[in-house]
Structures are given as structure tokens and as C-alpha cells.
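Residue numbers (my numbering), protein chains in the order written: chain A, 1 to 351; chain B, 1 to 351; chain C, 1 to 351; chain D, 1 to 351.
Calculated directly from the structure, the hints in this document are not laboratory data.
Computed from a predicted model, the values in this text were never measured in an experiment.
Fair warning: there could be bad hints in the mix.
[Claimed, not checked] The following residues of chain C were derived to be distant from chain B, with all beta-carbon distances above 12 Å: (1) 6; (2) 132; (3) 147; (4) 305.
[Claimed, not checked] A short, non-exhaustive set of chain D residues, derived as facing chain B with CB atoms under 10 Å: (5) 185; (6) 214; (7) 218; (8) 235; (9) 238; (10) 241; (11) 248; (12) 251; (13) 252; (14) 308; (15) 318; (16) 342.
[Unchecked claim] Computed Cβ-Cβ distance ranges for the label pairs, DEER-style: (17) 275/C / 313/A: 36 to 46 Å; (18) 237/A / 203/C: 37 to 47 Å; (19) 26/B / 275/C: 18 to 28 Å; (20) 129/B / 291/D: 30 to 40 Å; (21) 45/B / 118/A: 35 to 45 Å; (22) 65/A / 279/D: 21 to 31 Å; (23) 300/B / 203/C: 24 to 34 Å; (24) 288/B / 291/D: 37 to 47 Å; (25) 313/B / 262/D: 22 to 32 Å; (26) 237/A / 275/C: 39 to 49 Å; (27) 237/A / 135/C: 48 to 58 Å; (28) 262/D / 65/A: 33 to 43 Å.
Don't be surprised by glycine CBs; every beta carbon is placed ideally from N, CA and C.
4 protein chains.
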Amino acid sequence: MTANSQSAVLGVSGYAGMELARILLRHPRLGSTPPIFLGRPDSAAEPLTAVHPHLLDNNGSRALQIEPFSWDLLRDRGVQVLFLATPHEQSRELVPHALERGLRVIDLSGAWRLEHPANRAIYKFSDEGSSVATAIQTQAVYGMPELHRDQIRHALLVANPGCYATSVILALKPLLAAGWVDTTHGIVCDSKSGVSGAGKAPSAKTHFMHAADNLSAYNVFGHRHTGELLEQLELAPDQIVFTPHLLPIPRGILSTIYVWFREPHQPAQVEALYKQFFAESPLVRIFAANHLPQIQYSVRTNYCDIGFHLSADGRRCVIVSCLDNLLKGAAGQAVQNLNLMLGLPEAEGLV
Amino acid sequence: MTANSQSAVLGVSGYAGMELARILLRHPRLGSTPPIFLGRPDSAAEPLTAVHPHLLDNNGSRALQIEPFSWDLLRDRGVQVLFLATPHEQSRELVPHALERGLRVIDLSGAWRLEHPANRAIYKFSDEGSSVATAIQTQAVYGMPELHRDQIRHALLVANPGCYATSVILALKPLLAAGWVDTTHGIVCDSKSGVSGAGKAPSAKTHFMHAADNLSAYNVFGHRHTGELLEQLELAPDQIVFTPHLLPIPRGILSTIYVWFREPHQPAQVEALYKQFFAESPLVRIFAANHLPQIQYSVRTNYCDIGFHLSADGRRCVIVSCLDNLLKGAAGQAVQNLNLMLGLPEAEGLV
Amino acid sequence: MTANSQSAVLGVSGYAGMELARILLRHPRLGSTPPIFLGRPDSAAEPLTAVHPHLLDNNGSRALQIEPFSWDLLRDRGVQVLFLATPHEQSRELVPHALERGLRVIDLSGAWRLEHPANRAIYKFSDEGSSVATAIQTQAVYGMPELHRDQIRHALLVANPGCYATSVILALKPLLAAGWVDTTHGIVCDSKSGVSGAGKAPSAKTHFMHAADNLSAYNVFGHRHTGELLEQLELAPDQIVFTPHLLPIPRGILSTIYVWFREPHQPAQVEALYKQFFAESPLVRIFAANHLPQIQYSVRTNYCDIGFHLSADGRRCVIVSCLDNLLKGAAGQAVQNLNLMLGLPEAEGLV
Amino acid sequence: MTANSQSAVLGVSGYAGMELARILLRHPRLGSTPPIFLGRPDSAAEPLTAVHPHLLDNNGSRALQIEPFSWDLLRDRGVQVLFLATPHEQSRELVPHALERGLRVIDLSGAWRLEHPANRAIYKFSDEGSSVATAIQTQAVYGMPELHRDQIRHALLVANPGCYATSVILALKPLLAAGWVDTTHGIVCDSKSGVSGAGKAPSAKTHFMHAADNLSAYNVFGHRHTGELLEQLELAPDQIVFTPHLLPIPRGILSTIYVWFREPHQPAQVEALYKQFFAESPLVRIFAANHLPQIQYSVRTNYCDIGFHLSADGRRCVIVSCLDNLLKGAAGQAVQNLNLMLGLPEAEGLV
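Generate coordinates for the entire structure from the input sequences, incorporating the hints supplied.
The following block contains the structure:
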């Protein structure tokens with residue numbers, strides 16, 4: 001497979017699909033073979049601009065279409081990599097067929113992210129426990145390049161991480177890997193996300209009158225991304241609390257994370273630890289000690305920004321992690337994974 | 001009928017109904033006989049706080065309920081005035097029965113606002129042209145106290161004005177009534193409304209991702225409130241253009257209105273004309289010449305604020321009119337009408 | 001002193017002063033003797049509406065003025081209670097003179113809230129350690145009625161609590177007072193506030209371009225309100241972490257608070273504990289177990305709303321506390337204190 | 001001069017300067033010779049990221065600096081094109097020196113946009129009427145490529161248009177040039193802009209508490225951009241009214257424009273006229289008849305989007321024009337001008 005591999009995006013009408021389309025169309029190494037955009041099998045073809053008017057092309061020469069999905073179309077057009085920006089249940093159905101047909105898949109849903117049945121229980125997958133699903137789960141690679149870069153290069157199925165999970169895992173992994181955190185103390189992850197994280201379907205929750213001028217916590221002790229935290233950070237359920245909140249902004253996540261250290265540390269030590277951990281990771285930006293990222297700095301970028309403050313006694317640490325939930329939290333990370341799968345530089349088309 | 005008359009609100013779950021409940025519960029002359037709140041005939045009773053949690057009562061002693069609608073309930077509870085905060089088609093159905101039962105009705109929908117069939121056509125009422133509907137329309141009084149105060153006092157059916165229409169009619173009526181406006185020049189009404197004007201049902205239009213950080217014009221040359229402007233201002237269709245826009249704010253309307261005068265005028269003359277016209281109208285506030293209202297000044301009040309700027313040659317006038325679309329544009333004006341119908345001071349419970 | 005006591009507000013031009021004016025003018029027991037509004041000693045008198053146009057009176061008959069401050073004016077007008085909505089350094093200067101003149105004072109600044117010098121250090125008061133200041137601090141009562149109701153009734157100087165502190169202390173006090181919290185685990189308070197909390201002076205932080213579509217943490221391990229938490233909750237500095245954030249909304253605070261219990265508890269027990277603690281407190285609303293308040297429910301009210309979720313093992317508890325930072329977090333609580341000082345029902349004019 | 005010409009940006013700390021930096025750094029033909037960023041002559045050098053943290057570079061290898069301005073520095077570094085993102089009075093001072101030194105200048109301020117002294121009067125330039133200023137004004141080219149493409153290619157001084165003016169002129173020019181508009185009727189331009197248009201300096205107007213949840217009209221009959229409309233559209237002052245409004249969003253302009261036609265036209269004719277007029281203009285997008293642009297479609301792009309609705313009688317036309325005030329309304333248009341000056345494709349680096 002080469003950089004000229006043909007890709008396709010199923011589910012381009014949602015927010016993550018929209019951002020995937022935008023990135024792939026401008027990708028310097030993929031632009032010559034634009035992705036194929038796919039909608040429901042029973043839908044009629046329609047212009048991409050009918051769904052996302054701001055992706056309007058001026059010259060009209062690139063009349064991008066959303067075509068109805070079919071396996072034959074993928075085969076006839078020589079598709080090699082399939083992005084799934086589909087609901088998780090649909091991803092569970094499609095992935096076995098895709099792999100059987102020799103496609104490599106980057107799945108943006110939560111369908112294949114979790115190894116342990118207990119963590120998957122919250123999704124209530126209809127094929128849970130089937131031999132096919134179990135076999136596929138074994139193959140799936142959790143698509144966080146900063147943790148699993150080498151496996152992703154050769155993966156057939158990449159399970160693109162959740163947006164909240166990305167912001168928390170990247171912020172905690174260096175400290176936990178170094179053994180600095182006193183996990184008996186309990187880690188607190190207080191996360192806040194813009195409304196695009198709730199999806200494009202109109203609902204009482206996404207109504208402007210509910211979301212604007214408001215803030216609310218939801219799914220306390222019960223958010224789906226919790227399982228990703230437990231597995232990727234190797235924590236027990238009682239060692240971490242994760243609370244998501246709905247922010248009155250279109251996009252962006254800020255996670256405020258509280259840990260207690262086993263031993264006191266200096267700010268310079270913490271900064272050095274982070275910088276070393278992410279030395280080879282072009283899409284994570286570490287802020288200087290006592291300087292914090294804000295949501296505005298990373299929105300509409302593919303970066304995850306991380307900063308921290310240390311208490312005077314050097315035992316308590318507040319980490320702030322920011323990213324754009326549709327980019328580093330979804331479509332940007334998906335293309336980062338694609339780059340690795342195609343042997344391209346990891347940040348190609350993303351900075 | 002006295003100030004102790006029992007009132008009922010059908011459609012309390014919507015935004016206008018919510019504001020009606022809030023105002024009526026605090027009304028100094030009606031608080032002792034709180035209104036009856038009604039939902040669909042086939043709904044179960046539920047606490048008002050289940051629908052509008054911010055109306056939570058602390059002490060629990062006033063356990064307000066939304067009860068299923070029935071004519072028998074209205075009769076048994078001695079209801080004399082019925083507020084309809086219902087869709088217009090439903091108001092067309094209910095009003096004949098209500099009047100037959102001797103109820104006085106304040107209808108917040110567009111069902112009975114328009115006298116001329118041509119102006120009503122846009123609503124496509126299913127009973128259009130029926131003898132019952134025609135007879136009722138004849139009785140209906142357009143519920144703008146500043147224009148029809150005396151008729152409202154004795155009305156059986158008050159058609160509460162549209163929110164946009166209220167902001168435009170109050171701003172233009174004094175100038176037109178004085179004969180100052182050169183209507184051959186064309187009057188331009190550029191109106192902007194917060195999202196609550198689009199109703200509580202979730203839709204693509206009211207999704208936070210569409211409304212936030214955006215502005216859009218809609219229903220150009222085709223908004224339902226246009227007929228109210230034509231009838232109340234006695235204008236021909238080609239004498240006025242009305243363009244509504246969706247603002248990224250929860251509530252409030254600002255209309256910017258452009259007129260050409262027949263003769264030049266001084267700012268002091270214009271200010272005096274407005275102040276005289278509204279001298280007896282406690283819920284219209286006229287700003288000093290060259291001082292303009294802003295949306296923030298009238299939001300969460302029952303006022304309509306009006307200001308203007310005059311060109312150096314005294315021939316062109318830009319009028320700015322602001323109000324809260326849910327209050328002076330809906331529930332506040334409805335209670336203003338109730339006050340008149342009950343012989344109370346017009347602004348009772350509203351300032 | 002009686003309910004007809006004359007009050008005065010110094011610093012009416014700020015947001016807290018604005019809300020004080022609004023509440024006092026509508027207070028059913030004080031409306032007949034409207035407060036006196038005061039600005040800087042060297043300022044000219046100006047209409048209240050010049051500073052807060054939305055407080056416009058329609059009829060013009062109540063031509064409220066902001067008058068230049070002087071002690072003589074307070075004496076001549078018979079002022080008995082003085083509200084200070086002034087910067088803390090100014091409150092340090094004014095309070096000794098006010099008490100000497102026999103005035104009772106409700107100070108909305110941070111000048112007199114903290115008993116221990118270590119907690120006050122962050123303010124760098126210029127009179128720190130002076131015998132006058134020390135004597136006055138001894139007299140000051142922390143103005144949180146739910147904790148110090150009886151002392152407030154007779155207080156000469158009430159130090160009105162900080163907005164963040166109110167939201168955190170009310171949420172934690174019942175659990176700590178009952179001895180349920182394992183304080184060795186560390187309590188985490190993640191608070192988020194609307195922009196009005198940053199004051200009215202234009203700054204880079206309050207610029208729309210910085211605040212909108214953004215979220216940022218600030219003053220980590222160093223916010224002034226931390227001392228109030230330590231003193232009122234009787235905690236050591238290493239037992240609690242408090243992180244404030246700036247929300248892109250005009251007003252409202254939501255605090256998400258994380259505690260570990262010594263023993264497991266049932267949701268019903270936690271709910272009962274809260275309800276009992278606040279049984280006599282009309283301005284605290286306890287939500288049913290597993291139902292959380294949102295910022296919208298308490299904004300523009302004088303309530304503090306509290307809800308919680310318990311982990312499955314009953315050992316970890318996430319509490320969410322909401323209030324309007326300008327009302328229960330400032331002006332509303334100040335009037336609640338005034339009511340107690342005047343022997344009125346605590347919630348008079350506030351519900 | 002070639003595409004490798006060295007450029008410099010003075011005033012990079014403001015919003016337009018920030019966007020200039022962003023575009024120039026990613027420009028495919030200029031990226032190899034990054035622009036020089038300049039601050040005040042008496043300022044110390046500082047990293048670009050100190051002022052605009054979101055422009056952070058990950059790898060640290062491109063340690064962009066803002067350097068203190070001096071003519072010697074420009075000479076020593078071989079600067080050939082100077083962008084001025086400075087206040088207009090400063091641009092009046094600097095341009096004579098720059099031209100004398102052989103630099104070509106793209107000035108984003110209002111300093112050199114207006115030919116007629118009457119239209120310039122509102123700026124109160126301190127050098128108004130001086131022979132130097134008059135000579136320079138004669139050389140200045142109004143930098144709207146869609147109208148003055150050929151002159152811009154060879155210009156020494158390009159006066160980059162105002163943001164409001166761009167949105168109105170592009171929308172009206174085709175209709176006026178075709179002679180379709182009945183100018184005796186009066187053209188109404190009702191424009192709405194996001195807060196970035198008000199600049200970066202904190203002020204009461206740009207305070208979040210004023211701008212959010214609000215809408216206000218300002219500078220009625222007196223906005224500085226009016227002169228640009230008169231000159232570029234060749235209209236008399238009484239033929240057009242322009243009213244700007246402040247929107248509660250960070251960026252974007254929507255202008256709603258009302259014209260009366262001399263003769264009735266069909267929608268298809270209007271659409272064809274626009275498409276023909278802008279056939280060679282890659283940064284103007286014409287929407288199909290009766291389809292309107294919204295602010296969201298053009299924000300963060302370099303396009304101006306134009307759509308319209310026609311009344312049933314074909315005599316009245318409402319045109320809606322949208323652009324990003326910092327891009328097509330400022331920095332994007334400035335780079336479009338640079339492209340022309342350097343002989344590059346007009347939209348290079350902008351689509």
C-alpha cells in the first residue's frame with residue numbers, strides 16, 4: 001500500500017465526517033486521489049455541498065458527490081482504506097465484511113476500542129460475545145499514535161479513540177508510566193466539551209436554548225469513554241473518576257485532571273517528563289511549567305495541548321489538557337493514523 | 001369578571017407558556033388564584049418543574065401541576081379566561097368551542113390575527129372560509145394595547161400579536177399615523193431575533209451548532225408576520241420589505257427600520273411625536289433623539305424600547321426597536337391584555 | 001432598627017451594585033424607602049440609568065440618581081445600613097469610619113472575610129496587622145446565613161462571602177459536619193464561573209474575543225477564595241484543591257466537587273442529610289438523588305442548587321452546586337443578610 | 001519583483017496582523033521566505049507565540065520573533081513589500097517614508113482609501129491637505145481585486161478596503177454597473193459584524209458582558225466606511241443608507257442590502273448577472289437564486305459569499321453578502337493583493 005492509496009469515508013454527513021472530508025481534500029499527499037464520500041446504501045447521490053455548504057467549491061470543477069454506499073462500489077473504485085464515521089452498532093456490522101474484503105479500516109466509533117467485556121457492556125453490542133466479534137476485537141489496535149505507533153503502522157483495523165479519552169489519556173500516561181502517581185488517592189478527571197461532541201442529530205440537549213448560557217454535568221460515573229481510560233491507563237475503576245460537562249461552545253475539550261504524587265516533585269521535573277515522553281510526537285504540545293493551555297489555542301488545530309500546575313509542596317498536580325474534539329479527538333487523529341498506515345510522516349496534512 | 005377571575009394556560013410546556021406561568025405566578029393581583037396549567041388531553045398530570053426545572057419551588061408547598069386538558073376541567077374549576085399557547089391550527093380548532101362555552105380567550109398563536117384572506121393564505125388554515133371561522137375572525141381583536149386598548153377591554157377573543165410584528169408596528173405607527181412617511185419610497189424592516197423565537201422543538205435550525213457563531217436571513221419576502229404589518233399599518237405589499245434574521249442569542253428582537261420622510265424634520269420633532277403617541281402607554285419606552293436601545297436593555301422585561309437617528313437633511317430616519325420576543329412579543333403582552341380585560345392597570349405585574 | 005431602615009449602596013456602578021439596586025428597588029418591605037445610591041466622592045451626581053440603561057424607569061417619576069459619597073450625606077439622610085460594593089482595599093479603609101459612625105455594614109468585598117493572617121496574606125492589605133483592623137476583624141461575621149444565621153442578626157459588620165466560596169461551602173458543609181468525608185483522600189473542587197465574576201473593568205481577560213468560544217483555568221493553587229473554604233470548612237490546605245475556570249457565559253457558577261467517604265452510603269442517605277441540614281434554609285434547593293442542577297436553573301435567581309451522584313460502591317460522591325455569582329454569590333446573599341439584620345424573613349424580596 | 005520577495009508585517013499583534021501572519025506562514029509560494037514580524041520601534045523583541053499562543057509551533061525549530069520596527073532593519077533584510085496593520089494615523093506617517101525607500105506598501109488601515117476630501121473628513125488626518133499626502137493619495141489604488149485588478153498589479157501603494165465596505169461593494173457593484181438599480185429609491189445596507197471588527201483593545205464595547213447576548217446598532221449615518229461605498233459605487237450620500245451593528249460572535253459580517261430595480265427582472269437574470277461579473281474572481285461565490293449565504297459558510301475562509309431573493313413582482317431585491325471580516329475583509333484580501341503585485345495567481349494560499 002502506498003501514499004496513493006484510495007480512501008473512502010462512510011458517514012460524511014456528520015461532524016467528524018465533515019472534518020475528515022476537509023482534511024483529506026487538502027492533504028498534500030492525498031489530494032490527487034480525493035477520497036470517495038459515501039452515504040446510506042439506499043440514499044440518492046447528492047453534492048457534498050448540499051450537506052456542508054461551507055465546503056462549497058468556487059470553481060465548480062470539483063463537483064464532489066456523496067454516493068450511496070455499496071461494497072461493489074468500493075471494489076470497483078479500488079478503495080484500500082475505509083473510514084467509518086458511523087454509529088457504533090453500524091461499525092460492528094460493517095467491519096467484519098470490510099476486513100473479509102481486504103480493506104483496512106479506521107473506525108471512529110466506539111465499536112472496537114475496548115478489550116474487556118466488562119468495559120464494553122455499556123454499549124450493549126448486539127453481537128457481543130460472538131466468535132466473529134471476538135476475533136476482530138483481538139486484531140483491533142487502539143488508534144492513539146503516541147501510545148501505539150508501531151502497531152498502527154501495520155494494523156488492519158484501527159479503533160480511533162474517543163475525544164474525551166484522548167484528552168485524559170495523553171495527559172495522564174506520562175505520569176502513570178513513570179510511576180509517580182499515588183493511585184490510592186484517586187485521580188479526578190473533570191472534562192468539559194463543546195456541543196459538537198453531542199452529534200448532529202437535533203435533540204433537547206443540543207437545542208440552542210438548552211446549551212447556550214449554560215453548563216451541565218452528565219453521565220456521572222457512567223460515561224462510555226471511561227473504559228478507554230481504564231484500559232489504556234491500566235487503572236482499576238475505583239482509582240479514577242471521570243465527569244463530562246456540556247460547554248456552551250461549538251467545539252473544543254478541556255480536561256482538568258487532579259493527581260497526588262507518591263513523592264514530591266519540582267515543576268521542572270514534571271515538564272521534563274512530559275517533554276521526553278512526547279519527544280517524538282509532533283501533535284502534542286507541552287506548555288512550560290505553570291502555563292496552561294486554553295480551549296481557543298487548540299480549536300481548529302490537530303494538536304493536543306498539555307500544561308500543569310504543581311502545589312507548593314510538590315505533591316499535588318493539576319494538569320490541563322485541551323484539544324479540538326472533532327480533530328485530535330476524532331478526524332485529525334484518524335488521519336494521523338492513516339498517515340502511519342501509509343508510511344507517511346505522522347503529521348502530514350495536519351499542521 | 002373581576003381581578004379574581006380564574007385563568008388557565010394551555011401549552012405551558014413551550015417557551016411562551018413558560019413565561020406566562022412565571023408572570024402569572026408573581027402577578028400581585030392574581031397570585032392568590034394561581035392559573036391552571038394544562039397539557040395535552042391524553043397526557044398524564046406531571047409537575048410543572050418536570051418541564052421547567054428552573055421554576056422549582058423551594059418549599060414544596062406549591063406543588064404546581066400540569067393537568068391534562070378537558071373542557072369539563074375548565075368548567076369545574078371556574079375558568080373564565082383561557083390562554084392558548086398552542087400551535088395555530090390547534091387554536092383554530094379550540095377557539096370556537098371556548099367561545100361557545102363563554103370563556104374569554106387570549107390566543108398567542110397566529111390563528112386569528114389577520115382579517116384579510118390574502119394575508120391569511122400563508123397559514124393554510126384547514127377551516128379557511130368556513131362560516132364559523134369567518135364569524136369568529138370578525139370578533140377577534142388584535143391584541144396590541146397601544147393601538148386597540150378600548151376594544152381589548154371588552155374583547156371575547158384577543159389575538160396576541162406576533163413578536164416581530166410588535167417590534168415593527170410600534171416603531172412605525174406614530175410616523176405613519178402622522179402622515180410623515182413617504183411610502184412610495186419603500187419602508188425597509190430588517191429584524192433580528194433570538195433563537196427562542198423558533199420554538200422549543202429541536203430542529204436543524206435550532207441546533208446549537210447551526211445557531212451559534214452564526215447569523216442568517218430567512219423567509220425573505222415570505223414571513224407570516226408580514227400580513228400583520230400590512231393590516232395594522234395600512235400599507236400595500238410593495239410599500240414595505242420585512243426580512244427576519246436568526247441571531248445567536250437566546251432571546252430578544254432588534255428591528256432596524258428605514259423610512260424616508262415627505263418633509264424634513266428635526267430630531268426633537270420626531271422624539272416629541274413618539275412621546276406623545278405613547279404618552280399613555282406604560283410599556284413603551286422612547287429614547288432621547290440619537291440614543292438607541294440595545295437588545296440587552298429590554299430582554300427579560302415587558303417593555304418595547306424605541307430610538308431613532310435622523311440624517312443631516314432630516315429626510316431619512318433609522319428607527320431601532322427592541323423587545324423580548326417571549327415577553328412584550330408574547331407572554332408579557334398577553335398579560336397586558338389580560339389586565340385590560342380584567343379592568344386592572346395595564347402594566348400590573350409587568351414592571 | 002426596623003424594616004424601614006434606610007440603606008445606601010456604595011459602588012452601584014459595578015455588576016454586584018447593579019443587582020443590589022435591582023433587588024432593593026423591588027423589595028416588598030423596603031421599596032417605600034428606596035436605597036441611596038452612591039458613587040465616588042469626587043464624582044458628579046448622575047442618573048442611575050446613565051450607568052445601567054436597562055434600569056430605565058418608564059414614567060420618569062422615579063428619577064433615581066447616583067450621588068457622590070460623603071459621610072455627611074449618610075448622616076443627613078439617616079442611613080443605617082451601608083452596602084459596600086467596593087474594591088477590598090477601599091472597604092478596609094471605609095469600614096472603621098462607618099462603624100465609628102454607628103452604621104451597620106454589609107461588605108461585598110473580600111476585605112473582612114478571613115480570620116487567619118495566613119489566609120489573608122494573598123490580599124496584601126495595606127493595614128494588615130494594625131490594631132484597628134484586628135479589632136474590626138474580630139467583630140466581622142461571615143455572611144453565610146445557612147451557617148451563621150444567628151450571629152448575622154446582630155452583626156455590625158457582615159463580610160459577604162465570595163461567589164465561588166458560597167457554591168463550594170454550601171455543597172460540602174453538610175457532608176463534613178456529619179463526619180462522612182475521608183479528608184485524607186483530598187477533596188477536589190472544580191469550579192466554573194461566567195465572565196461577570198471578573199468584574200466590569202475592560203481587560204484582556206474580559207474581552208469578548210478571549211472569553212467567547214473558550215474555557216480556561218486560572219489561579220490554580222492560588223485563588224483568593226481558597227481561604228474561605230479552609231476557614232468555613234475547617235480544612236487544612238492539603239486537604240482540598242480548588243480550581244476556578246472562566247466560562248463563556250455572562251453569569252452563573254457551577255462547582256463539581258469530588259469527595260471520598262469514610263464509609264459507604266446510600267443515595268437516599270445523602271439526600272436526607274442535605275435536606276435535613278438545609279431544612280430551615282429557603283434559598284438552598286436540594287435535588288433528588290442522581291438529579292443534577294444546571295447553571296440555567298439558578299441564573300437570575302437567589303438560590304443555590306445542589307445535587308449529587310454516588311458511585312456504585314457508595315464511597316465516592318460527585319456533588320454539583322450551582323448559583324448566580326451576582327445573586328446568591330453576591331447581591332442576593334447580601335440582601336439575605338440585610339433581611340436577617342432587620343428581623344425580616346430571610347428570603348423576603350428574593351424569591 | 002518575484003514571488004520570492006521578502007515581506008514584512010508591522011502591527012502583527014492585532015487581529016488582522018495575526019491572520020496575516022497565519023496566512024503568510026502557510027502560503028505555498030512564500031513559505032520559504034517567511035515574513036518579518038514587526039512591533040513598535042521601542043519594543044523589545046519577543047516570540048510571536050507570546051502574543052498569539054495558538055500560533056505555537058510544535059517543533060520549536062521555527063522560533064518566530066516579533067522584532068522592533070526600524071527602517072534600517074527593513075533595508076538590511078531586503079524587505080520589498082510592507083504590510084501595515086497599524087492605526088490609520090500611523091499609516092499616514094509611515095507611508096511617505098516607505099515609498100521614498102522604494103518599498104511597496106499594502107496598508108490595511110483607512111488612511112489612503114478615500115479620494116475625496118469630504119469623505120476623508122471623518123478621519124481628521126493631521127496631515128490632511130499637505131502636498132505630500134495629496135501626492136500619495138493620487139498614487140494609492142483601492143485594493144479590491146474584483147474591481148481594480150490591473151491597477152493593483154502595478155501599484156506601489158494599495159489601500160486595503162474596509163471590511164464592511166467589501167461586503168457591500170461586492171454585493172452592489174454588479175447591479176449598479178448594469179444600471180439596474182433605481183437609485184432615487186434609496187439603497188439600504190443593514191450590516192452586522194462580529195466583535196473582532198472592534199479591535200483588540202479592551203473597551204466597554206468589547207467587554208464580554210456588553211457584547212454577549214446582545215445586538216446594537218452604532219454610528220448610524222456616520223460610519224467611516226460610508227465614504228468607500230460612495231466612491232467605489234459612485235453614489236451620492238442621499239442614495240444610500242448604511243447601518244452597522246455589533247453581533248455577539250467573534251468574527252464574520254453579514255450585510256442585508258435592499259434595492260429597487262428600474263425594471264422588473266427574473267431571478268435567473270440576476271443570478272446570471274452576478275456570475276458573469278465575477279466570472280474571473282475566484283474569491284467571490286455566487287449562490288443560486290433564492291439561496292442565501294450565512295455567516296458560518298464564509299467564516300475562516302477568504303471568500304465573499306453573495307445570494308439574493310427577488311420579490312414576486314421582480315422589482316425589489318434583497319441581497320445578502322457574507323465574509324470573514326478578518327480575512328476577505330482584511331488579511332485575506334491583503335494577501336490577494338500581494339499575489340497580484342507579485343504576479344502570482346490571485347487566490348494562491350487563500351483557498
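Task: Satisfaction of the hinted span 36 to 46 Å by the C-beta atoms belonging to residue 275/C and residue 313/A - done: holds, 38 Å
Task: Hint status (Cβ of residue 252/D to nearest Cβ of chain B, threshold 10 Å) - done: holds, 7 Å
Task: Agreement of hint residue 241/D with chain B interface, Cβ distance less than 10 Å - done: Cβ of residue 241/D sits 6 Å from chain B, so the hint holds.
- [ ] Given the hint of 37 to 47 Å, check if residue 288/B and residue 291/D actually sit that far apart at their C-beta atoms.
- [x] For residue 291/D against residue 288/B, whose Cβ atoms are near 42 Å apart, the range 37 to 47 Å holds.
Task: 12 Å cut-off, C-beta based - residue 305/C kept clear of every residue in chain B - done: Residue 305/C not clear of chain B: closest Cβ-Cβ about 8 Å, inside 12 Å.
Open item on the list: Holds or violated: the hint that residue 342/D contacts chain B, with Cβ atoms closer than 10 Å.
Closed with: At about 34 Å, which exceeds the 10 Å cut-off, the nearest Cβ of chain B leaves the hint on residue 342/D violated.
TODO: Given the hint of 18 to 28 Å, check if residue 26/B and residue 275/C actually sit that far apart at their C-beta atoms.
DONE: holds, 26 Å
Task: residue 300/B paired with residue 203/C, Cβ distance criterion 24 to 34 Å - done: holds, 26 Å
Open item on the list: 35 to 45 Å was suggested as the range; check whether the CB atoms of residue 45/B and residue 118/A agree with it.
Closed with: About 41 Å separates the Cβ atoms of residue 45/B and residue 118/A, which means 35 to 45 Å holds.
- [ ] For the range 22 to 32 Å, tell me whether the beta carbons of residue 313/B and residue 262/D fit it or not.
- [x] Roughly 24 Å apart at Cβ, these two residues keep to the hinted range, so it holds.
- [ ] Hold the hint about residue 214/D up to the distance rule: shortest CB distance to chain B must be less than 10 Å.
- [x] Check passed: Cβ of residue 214/D comes within 4 Å of chain B, closer than 10 Å.
Open item on the list: Restraint: residue 318/D near chain B, CB-CB cut 10 Å. Satisfied or not?
Closed with: Holds: closest Cβ of chain B sits about 5 Å from residue 318/D, inside 10 Å.
The structure shown violates the earlier hints numbered 4, 8, 16 and 26.
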